[in-house]
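> So the chains spell out like this:
Protein chains: 2
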Amino acid sequence: MAIITMAHGSGGRATSELIDSIFAKYFNNEILSQMEDSSVVDGSAMLAMTTDSFVVKPLTYPGGNIGRLSVCGTVNDLLMRGSVPKYLTCGFILEEGLDTELLSEICKSMAETAKEANVKIVAGDTKVIEGSGGLIINTAGVGFINPEKDISSKNCKKGDKVIVSGYLGDHHATILSSRMTIDNNVESDNAPLNEMVLSLVNNNIKVHALRDITRGGLATVLKEMAISAKVNIELEDDKIPVNPMIKDFCGILGLDPLYMGNEGKLVAIVAEEDAEKALSIIKNSKYGENAVIAGEIVEDQGEKFGNLTVRTVIGGLRSLEVLQGEGLPRIC
Amino acid sequence: MAIITMAHGSGGRATSELIDSIFAKYFNNEILSQMEDSSVVDGSAMLAMTTDSFVVKPLTYPGGNIGRLSVCGTVNDLLMRGSVPKYLTCGFILEEGLDTELLSEICKSMAETAKEANVKIVAGDTKVIEGSGGLIINTAGVGFINPEKDISSKNCKKGDKVIVSGYLGDHHATILSSRMTIDNNVESDNAPLNEMVLSLVNNNIKVHALRDITRGGLATVLKEMAISAKVNIELEDDKIPVNPMIKDFCGILGLDPLYMGNEGKLVAIVAEEDAEKALSIIKNSKYGENAVIAGEIVEDQGEKFGNLTVRTVIGGLRSLEVLQGEGLPRIC
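Residue numbers (numbering that gives the first Met the number 0), protein chains in the order written: chain A, 0 to 331; chain B, 0 to 331.
The hints are simulated quantities; they were obtained by calculation from the structure and are not laboratory data.
A couple of the hints might just be wrong.
One copy or two, it doesn't matter: identical chains are merged, so the pair holds either way.
To be verified - Result set (DSSO-like, lysine-lysine): computed pairs, CA atoms no more than 30 Å apart in a straight line:
no., residue 1, residue 2
1, K148, K119
2, K24, K276
3, K56, K114
4, K229, K157
5, K107, K205
6, K205, K24
7, K24, K107
8, K276, K205
9, K24, K285
10, K56, K276
11, K238, K276
12, K157, K114
13, K56, K148
14, K24, K157
15, K24, K119
16, K229, K119
17, K24, K114
18, K114, K153
19, K238, K107
20, K238, K148
21, K156, K107
22, K303, K114
Quick caveat, the model's predicted, so the values are computed rather than measured.
Working from the sequences, and respecting the hints, build out all of it.
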């Protein structure tokens with residue numbers, strides 16, 4: 000690894016290697032080593048903090064744009080620790096030649112999404128670089144957390160159910176369609192999941208872990224959780240939720256929805272006894288209507304852990320790894 | 000303003016126009032409208048929050064690199080509200096082809112600077128974009144604030160002294176020298192100002208306002224303060240601190256140090272009765288040895304305000320505006 004390649008941005012194995020060999024090496028501390036979607040820090044209250052940069056191309060696409068995405072991504076990362084998202088900062092990196100009408104439209108969308116997600120944008124910065132009209136947005140976020148609600152990958156236990164909040168791959172397929180100028184009706188799912196997550200938390204559902212399903216897709220997220228919690232996870236092939244239109248799209252292009260990124264979907268690991276209630280809460284919340292229980296934690300900390308498998312309809316087991324190589328770059 | 004030009008990143012008038020016409024329009028709220036170097040937000044304690052993206056070219060330069068800069072810039076913005084910097088998030092945007100040895104060196108420097116500034120890096124993100132080995136870093140920061148210490152531009156009053164913490168233009172001249180491959184001994188002043196600011200705060204100095212002197216230079220910063228506080232500010236030409244080497248450099252290139260950016264200097268507006276004590280504290284703190292009282296607030300809220308003038312040695316008055324046009328782009 001002497002130079003950076005696009006694969007280092009995939010969210011898969013190459014990204015992990017980069018993080019381990021450089022970022023974790025120099026920045027290691029007990030907070031950063033939580034390695035979750037956002038970090039919980041000790042204020043006078045407890046705070047959750049996270050950051051995300053958005054480099055998606057194209058800047059607008061069916062169902063959303065980089066502005067909406069930049070709010071949803073960070074808000075959802077805060078929610079994945081059970082925190083109430085409160086404040087966002089926004090860093091704009093504008094390429095020379097960017098159309099200010101387009102920038103306006105994107106900012107308007109950010110403001111609307113921030114309102115929907117009940118967060119305030121409290122600080123900003125603008126830089127301009129050479130280029131050809133592109134735009135990068137960084138958002139960092141702070142959420143207030145109830146320390147009694149410990150939501151973290153390490154809490155996954157044998158018997159827990161794996162709830163997937165809706166169809167996989169919509170955002171990824173939308174960006175790919177735009178990039179390839181394929182004319183279809185696919186739309187991004189970019190959305191803030193406040194109502195879904197806070198309904199679970201406020202109803203005292205035993206949510207052990209939450210992750211939003213972004214770069215790398217469901218398979219990468221669950222594989223990382225299995226390793227972190229030292230458990231094995233099994234999905235049922237016929238339960239994995241994919242919109243039929245996306246299924247066809249993937250079939251033609253040879254893509255696997257399990258490795259495709261979303262921007263408004265989560266996977267919840269929930270105690271077995273609360274799973275049906277949790278599913279009902281998610282299905283009744285905004286953006287959760289297609290949620291399903293798609294699998295379970297099959298084994299506790301044993302000699303062999305960190306496995307993610309899919310049980311096929313005829314009973315076979317397929318083993319899944321984290322995304323390798325680059326997937327589709329610049330989807331978020 | 001139909002498309003973005005490099006001037007929109009200058010920190011001067013074009014940047015202000017962009018902020019007013021788009022960002023402030025859509026994101027307006029009572030926190031963002033504080034328009035200071037960082038925003039104070041209401042946690043269980045009070046928090047200061049800020050964000051800054053760093054796009055400096057070259058990535059390393061005499062006296063520092065983009066990593067040290069990205070920590071100093073955000074830490075200093077938090078300090079300018081009198082807050083104790085606590086947590087940073089880091090968003091890395093890597094261009095394909097970036098040398099991982101160089102990335103390592105930069106991250107090592109960030110970690111060392113974070114240690115010096117007593118902040119923890121608590122969350123990170125990595126994206127990769129096409130390009131030619133470049134690097135952009137966003138850092139967002141949270142500081143803990145004592146709400147009894149109200150440090151804000153609006154507090155400037157007639158009679159207050161203007162303390163400049165050291166030589167102007169060092170960072171700007173360093174980047175320009177690197178860009179033009181001029182061989183000299185100029186070094187960037189990029190540094191975290193924790194000791195300087197927290198010594199003032201902890202000694203109960205009546206600090207009315209603080210700003211770090213970055214893009215746009217001292218003139219732009221003071222002009223903005225004069226408008227914000229509805230006062231007039233007068234500098235004494237022969238007190239403006241510039242390293243003789245930088246003065247010569249500027250003379251040759253026709254540059255004005257008053258419009259050149261630093262990354263480890265501040266301007267403090269201090270109550271007249273505390274000015275000498277404040278100067279002594281700054282001079283005795285790390286990075287403050289060349290501090291001077293360079294001017295004062297000459298008029299309170301009257302009919303005519305927002306003026307920044309320089310009194311020359313022979314008694315003339317020169318009027319200064321905010322930076323117009325682009326200055327040197329990508330200095331931070």
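> None of the hints should be skipped; say for each whether it holds.
Verification of the supplied hints:
1. K148 with K119: both (23 Å within a copy, 24 Å between copies)
2. K24 with K276: For K24 and K276, the Cα distance exceeds 30 Å both inside one copy (42 Å) and across copies (43 Å).
3. K56 with K114: within (24 Å within a copy, 36 Å between copies)
4. K229 with K157: Within one copy only: 10 Å inside, 65 Å across.
5. K107 with K205: Neither, since 37 Å and 40 Å both go past 30 Å.
6. K205 with K24: Classified as neither; 34 Å inside a copy, 42 Å across copies.
7. K24 with K107: between (39 Å within a copy, 9 Å between copies)
8. K276 with K205: within (10 Å within a copy, 58 Å between copies)
9. K24 with K285: Between copies, since 28 Å is at most 30 Å while 40 Å is not.
10. K56 with K276: Neither: 39 Å inside a chain and 54 Å across chains, both beyond 30 Å.
11. K238 with K276: within (18 Å within a copy, 71 Å between copies)
12. K157 with K114: neither (39 Å within a copy, 41 Å between copies)
13. K56 with K148: neither (37 Å within a copy, 44 Å between copies)
14. K24 with K157: Intra 32 Å, inter 51 Å, cutoff 30 Å: neither.
15. K24 with K119: between (33 Å within a copy, 14 Å between copies)
16. K229 with K119: The answer is between: 28 Å across copies meets 30 Å, while 37 Å in one copy does not.
17. K24 with K114: between (38 Å within a copy, 14 Å between copies)
18. K114 with K153: between (32 Å within a copy, 29 Å between copies)
19. K238 with K107: Neither: 38 Å inside a copy, 46 Å across copies.
20. K238 with K148: Within. Shortest intra-copy distance 29 Å satisfies the 30 Å Cα cut-off; inter-copy 57 Å does not.
21. K156 with K107: For K156 and K107, the Cα distance exceeds 30 Å both inside one copy (43 Å) and across copies (37 Å).
22. K303 with K114: neither (46 Å within a copy, 39 Å between copies)
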